[in-house]
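Given chain F, put chain A in place with the hints provided.
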Amino acid sequence: MTERESPPITNRRTFLKAAAALAAALPLLKAKEVKGSTSSGEGGVRYSILYDSAACIGCNACHVACKTRRGFPIRGMVERELSPVNWVFVSRAPSGGQLQTPPFVRHSCMHCGDAMCQLVCPVEAIRKWNGLVYIDQSRCIGCAYCVEACPYGVPRKNEGPSWGDWAPHGVSRKCDGCYAFVQEGKIPACVEVCPADALRFGTRDEMVAEAQRRVSENPNLWIYGLNEFGGLGVIYIFPKGFDPVREGVFPEPSEGYRPSVSRGPIALGLAAVGGLALMGAVKAKARGEGGE
Amino acid sequence: MFVWGWLVTLYLFLGGLSAGLFAATAGLDFVGGKRFKRTVEWGAYWSWVIIALGICMLILDLGRPERAFNTMLHPHPVSPMSWGSMVIVIFMVLALAYWLAHTGVIVKRLLKPLWNLLVRLKTIIGILGGMFAFMTGAYTGILLTYARHSMWASAALPALFLASALATGYALFSVIVERTGEVHGAGLAEKIPMYEAVLGVLELAAAGAYVALLPAEARAALLSASNPYGLIFLLVFLLAGVIFGEIVLPLLEMKTGGSATLFLSAFLTLLGGLALRYVVVFLGQSI
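Chains F and A are the protein sequences, given in the same order.
Going from the first sequence to my numbering is simple: count from 1 and add 43.
Going from the second sequence to my numbering is simple: count from 1 and add 2.
Because the hints were derived from the structure by calculation, they are not lab data.
Check the hints yourself; a few may be wrong.
[As the list claims (entries may be wrong)] Some residues of chain A that are not near chain F, with every Cβ distance over 12 Å (derived):
| hint | residue |
| --- | --- |
| 1 | Ile144 |
| 2 | Thr258 |
| 3 | Gln287 |
[Claimed, not checked] Distance ranges between label pairs, derived from CB positions:
| hint | chain 1 | residue 1 | chain 2 | residue 2 | range |
| --- | --- | --- | --- | --- | --- |
| 4 | F | Pro116 | A | Cys58 | 32 to 40 Å |
| 5 | F | Asp208 | A | Leu119 | 17 to 25 Å |
| 6 | F | Pro116 | A | Leu62 | 23 to 31 Å |
| 7 | A | Cys58 | F | Asp179 | 21 to 29 Å |
| 8 | F | Arg118 | A | Leu62 | 40 to 48 Å |
| 9 | A | Pro115 | F | Glu227 | 53 to 61 Å |
| 10 | A | Gly210 | F | Cys102 | 46 to 54 Å |
| 11 | A | Ala218 | F | Ala320 | 30 to 38 Å |
This structure is a prediction, so every number in the text was calculated from the model and none was measured.
Just so it is clear, CB atoms sit at the ideal spot from N, CA and C, and this is done for glycine as well.
In isolation and in its complexed conformation, chain A is listed as follows:
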């Protein structure tokens, strides 16, 4: 019944997660420079590792994985999947280059000229990487809007996926920030939950637009509490993920000044992001 299953769901989730994490990491790098060295290194590292994992999921889902390179060898410019493949591969290369430019792993000793070039182009790679991160986040939604299912017919789906990408990526980023502890004392600690709440509000607005622009039949299925997918959308994504994970808990953190709920907030945000992709992919194919 389901042509696209868990592998595609995970690919959509990981693509967005990586994109959001990269954007937040590059942003912090621009703001703080060497003060946040370890945070930026870890953020850049997980960005390329996660997008590489997502690409692996996508390739594994192919009926003929050994032909995956056909997307590069025989591009079809009018196909969203064709240019989307280019976007995610370029994004992965940029994320990897950004990580290498910050850490110098391998290239520093073995490929000195490449290392020098990466260091010199670090800022440009960061800006371009941020641009491709946004494109990756939106593309996963664009991909679905071209298919025939009414659940995917909302023009706001790319915006919702992009907003979710930024929120989930930022949630993982906030965990990295907490683990490295570099922002404490740098005057940024209180801003971390504030930006999370802002992203949560943006995602809530995007979710509203997505639902409003759905065909009536799809909207009814999505908002139905008697439908298991509808329940997951309402309870896991909207209530637990966006409202609690991205808005309420970060606001509480801002008020109390602590980070006791940070991990719970990040967990709920990531769970909500995954639930969103799950519902969109599976419910989309069943109506």
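Just chain F, same shape as in the assembly:
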């Protein structure tokens, strides 16, 4: 039996059982939600998605399912660019590194543990529910700071017309991990339809364990996303010989927000002290010279 044929850790039945238990505990989980927190441990559970590039067949059923669930327009060709109405797609990497054929890469929100979009949002419109990063579109002001700050370049501001309830005009939009559907006991649309078992959904611990199991059974694979940006909410399995950072598909983790988070207050404090000192000095000098 290959690893692809083994029973999934989170099959539909076990997931629904967990979801029922989750629904019962929903008020508690909601109470545990920490607004503006950058930690990955808010709430009792951290949900994640597992994406196995080696198993992916590039059919983009995930892309269509996502659009269908949200009522977004489906065009003839797969849109290979994220947009306010295109939250996920799969494409081949532009180059394969040491591989002859570039592997498939899933492009969507990473649901980072240290979500920079959430940190920079000036109005706390970006929040987390059990690890799933979502935008409260009723609060978003459309400043696009999240668009500029996300290291993966995921959020997009909807400059065009509204598309139903899920992509109103003027606000930033991105994959929300189907958190509202998960609250209802469903799983993300992309995971639900994947025909190749390349996508799984469950707690992060389960997804990491599943990724490690797949890698242990196939030494030609490796895991991305365990530690980057506070640990991603999307765990990737790639073939060895392909490094998405080296190939420019994903950013350098060191370019993240964390190292510079204290830079702003320090710079602002220095400017404030400088301004106060200069104005005070001019005033004191003028007083000394009898200027007033």
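Just chain A now, with coordinates in the frame of chain F:
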């Protein structure tokens, strides 16, 4: 392709311009008191008008401008844009209060107690306004350093924006000074271009630090003469704005004792300041 465009560029420029103008105006007020009444009144007036214009640009750039007040209603302390919004709004209020304290427009007749309070607190408002002007000038640079683009990753960007804010604000201030003519005969006329040159040298140093601290890829793009943005940075900002506008022409003015090139110097400085923001915003998003 560009998420932040001309409105954000103008906001960054006007924010800095207003901040620099306020700092120079309050400084002159402290030094000269009532001798420079008209200069201080005009300087204070343009300070709050320009920052108000800048805030309008920022609000117009929002996807949902009607929700702009969410920044005040739902502040997010770890977000630079959140505390930056507070800083620029407080600065605008202080600049407006400073202007009212000097002119008494409206409040002198209609709100006498407020007028008395403003007059009494004039010095404190000036000092606090100067402090918030510096914070506004630096904040516009801080805002960008939190984003992912390599052009904005230089730790010296806030210093460069602050230096540019002071230089552009001072250039506009020197025009106001020339128009009112109050410093002639007050022993300050020759110092006006001297301070401009000092600010120019400071900005040149800040620009050097900014370029030195950029990632290699961004530095190469910025200093490339084959890149249109690089050309604008080198020719318009650095050569025309800083070297000629802020250093060479003011030094010539000092030597000749005239003010023939003052308007050209101010124009080049303002143009350079705008070019700097334009290049940083647009080139920043394209690499």
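Checklist entry - Out of the numbered hints, which ones does the structure contradict? => result 1, 3, 5, 8
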